[in-house]
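Undergrad: Letter by letter, the chains look like this.
2 protein chains.
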Amino acid sequence: MKALVVVAHGSRRKSSNDEVVQVTEALSQKLPEGFDMVNTGFLELAQPLIPESIQTCIESGATEVHVLPYFLSAGRHVVEDVPAEIDIVAKKYPHVKIKMLTYVGGLPGMQDLMLSALD
Amino acid sequence: MKALVVVAHGSRRKSSNDEVVQVTEALSQKLPEGFDMVNTGFLELAQPLIPESIQTCIESGATEVHVLPYFLSAGRHVVEDVPAEIDIVAKKYPHVKIKMLTYVGGLPGMQDLMLSALD
Numbered sequence: 001m002k003a004l005v006v007v008a009h010g011s012r013r014k015s016s017n018d019e020v021v022q023v024t025e026a027l028s029q030k031l032p033e034g035f036d037m038v039n040t041g042f043l044e045l046a047q048p049l050i051p052e053s054i055q056t057c058i059e060s061g062a063t064e065v066h067v068l069p070y071f072l073s074a075g076r077h078v079v080e081d082v083p084a085e086i087d088i089v090a091k092k093y094p095h096v097k098i099k100m101l102t103y104v105g106g107l108p109g110m111q112d113l114m115l116s117a118l119d
Numbered sequence: 120m121k122a123l124v125v126v127a128h129g130s131r132r133k134s135s136n137d138e139v140v141q142v143t144e145a146l147s148q149k150l151p152e153g154f155d156m157v158n159t160g161f162l163e164l165a166q167p168l169i170p171e172s173i174q175t176c177i178e179s180g181a182t183e184v185h186v187l188p189y190f191l192s193a194g195r196h197v198v199e200d201v202p203a204e205i206d207i208v209a210k211k212y213p214h215v216k217i218k219m220l221t222y223v224g225g226l227p228g229m230q231d232l233m234l235s236a237l238d
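Protein sequences, first through last, are from chains A and B. For the first sequence, the working numbering gives the first residue as 1, with consecutive numbering after it. For the second sequence, the working numbering gives the first residue as 120, with consecutive numbering after it.
The hints are simulated quantities; they were obtained by calculation from the structure and are not laboratory data. Every value quoted in this text rests on a predicted model; they were computed, and no experiment measured them. There is no bait here: all hints are sound.
Computed cross-link-like contacts, DSBU-like style, restricted to lysine-lysine with a CA-CA straight-line distance of at most 30 angstroms:
1) K218(B) x K121(B)
2) K216(B) x K149(B)
3) K92(A) x K2(A)
4) K99(A) x K133(B)
5) K97(A) x K30(A)
6) K218(B) x K14(A)
7) K30(A) x K2(A)
8) K149(B) x K30(A)
9) K121(B) x K149(B)
Residues from chain B that face chain A, not an exhaustive set, calculated with beta carbons under 8 angstroms:
10) R132
11) E138
12) V139
13) V142
14) L146
15) P151
16) H185
17) S192
18) A193
19) T221
20) L226
21) Q230
22) S235
23) L237
A virtual CB, placed ideally from N, CA and C, is assigned to each residue, including glycine.
Can you build the whole structure from these sequences, using the hints too?
TA: Set out below in structure tokens:
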């Protein structure tokens, strides 16, 4: 059973965190075959934190967790902080495959998404 | 002549700012008919700032400027700060149409972009 965990920075503004949760929950209707759950995790300032979010999926039966960084640039959060948070859970569950995906801003489709704003 | 100006927050990390400039410049090859230029502007911490970036396009002949906020959530920057920066230029050039587009995280295609990370 595979899980998708969308991880964002987290904000003091509740509405910004809610927005990430909403976009993530909407994905649950569109997941590819083999994915049975989605969850959201935050680096700071909001709950659940990243390790807790991944752990919830594992406790619900996920044997493979794909972590999508909801960030626009490959700054310190993407390069260092998110991997470090993932590592906390990976050490606790060595039998679970935890894979970090390309951050949103680095996906090849980003340019087309930006151009879609002009429609 | 239309221009697309991608506006981002700006970072102390030069590489993050460069990444925004790169993704914007790559768009120049794919612009829809009628668009002849792209530029990047920053809210803070990097150059050019948003008003200056829009002004450069107008001085180069743009009669219509579409401003795309390169932000993931509709926080204060998107709701208040970017419109205020746009307003500075709009007042100086009342004959130029300056239109703020939907921020990247609010575009309908965002979900499909996120799912593309799973491919």
